[in-house]
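K.L.:
Put together the whole structure using the sequences plus the hints.
There are 2 protein chains.
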Amino acid sequence: MLAKVYVTLKTGVLDPQGKAIHHAAETIGYQGIEDVRQGKYFEIRLNPSLADDQARTEVEKFAHDVLANPVIENYRVEIVR
Amino acid sequence: MLAKVYVTLKTGVLDPQGKAIHHAAETIGYQGIEDVRQGKYFEIRLNPSLADDQARTEVEKFAHDVLANPVIENYRVEIVR
Chain A
1 MLAKVYVTLK TGVLDPQGKA IHHAAETIGY QGIEDVRQGK YFEIRLNPSL ADDQARTEVE
61 KFAHDVLANP VIENYRVEIV R
Chain B
1 MLAKVYVTLK TGVLDPQGKA IHHAAETIGY QGIEDVRQGK YFEIRLNPSL ADDQARTEVE
61 KFAHDVLANP VIENYRVEIV R
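Just so you know, the protein sequences line up as chains A and B, in that order. In terms of this note's numbering, the first sequence is residues 1 to 81. In terms of this note's numbering, the second sequence is residues 1 to 81.
Source of the hints: derived by calculation from the structure; they are not laboratory data. Treat the hints with care, since some could be wrong.
In this list, chains with the same sequence are indistinguishable; a pair is considered to hold if it fits within one copy or across any two.
[Said to hold, decoys possible] Below, a list of computed lysine-lysine pairs in the DSS-like style, where the Cα atoms sit at most 30 Å apart:
| id | residue 1 | residue 2 |
| --- | --- | --- |
| 1 | K40 | K61 |
| 2 | K10 | K40 |
| 3 | K19 | K4 |
P.N.:
As C-alpha cells, this is what we get:
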C-alpha cells in the first residue's frame, strides 16, 4: 500500500525558491510560464496489513506532525492500494 | 491554466533524505510506515492563451531541462485548466 503526500506553501506565503526558478525560466526564454511555486512530494510505503482508514489516519498525522509545517504549508494525502 | 510537475527519484537511486525521514518516523513510533521516498512538486501558472498541446510541450521541456535531472529522476506533467 502506498500513500502520496503533497505539501504546498499556503497562498500568500512567499516562495523565494519558486521565484528563482521562474526567473531562470524567463532568462532562458520560456515565455509561457507566469509563476512557479515549489512544493514537496512524498511516497510512503505502508504496512499492507493496515486498513484504509487506519492508513489514512496514520499518514495524516505523520504529514501534519513531521512532513509539513502547518503554520505555512498545506498538505494533501492520497492512499493508493 | 496550471501545470503540475512531479519529480521523483528513479527506482534504485539512493534517497538519503527519505531514509532519514523514515528513520525519524520509526524513532517517534510510527509503526505502519515501511519506506519513505522524497520527491519534488511544482505548480506552474501558464499563460492562459496557450493551447493545451503547446502548454504541455513547453512544460515537458522545462521539466526535462530545468526541474528534473533525467539521469536520476523521473518526472510527470499534468495540465489543469
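K.L.:
All hints, please: hold or fail.
P.N.:
Right, here's what the structure says about each hint:
With identical chains, the CA atoms of K40 and K61 are at most 30 Å apart both within one copy (17 Å) and between copies (21 Å). When the C-alpha separation of K10 and K40 is checked against a cutoff of 30 Å, the pair qualifies both within a copy, at 13 Å, and between copies, at 16 Å. In this homomeric assembly, K19 and K4 come within 30 Å of each other (Cα to Cα) both inside a single copy, at 25 Å, and across copies, at 16 Å.
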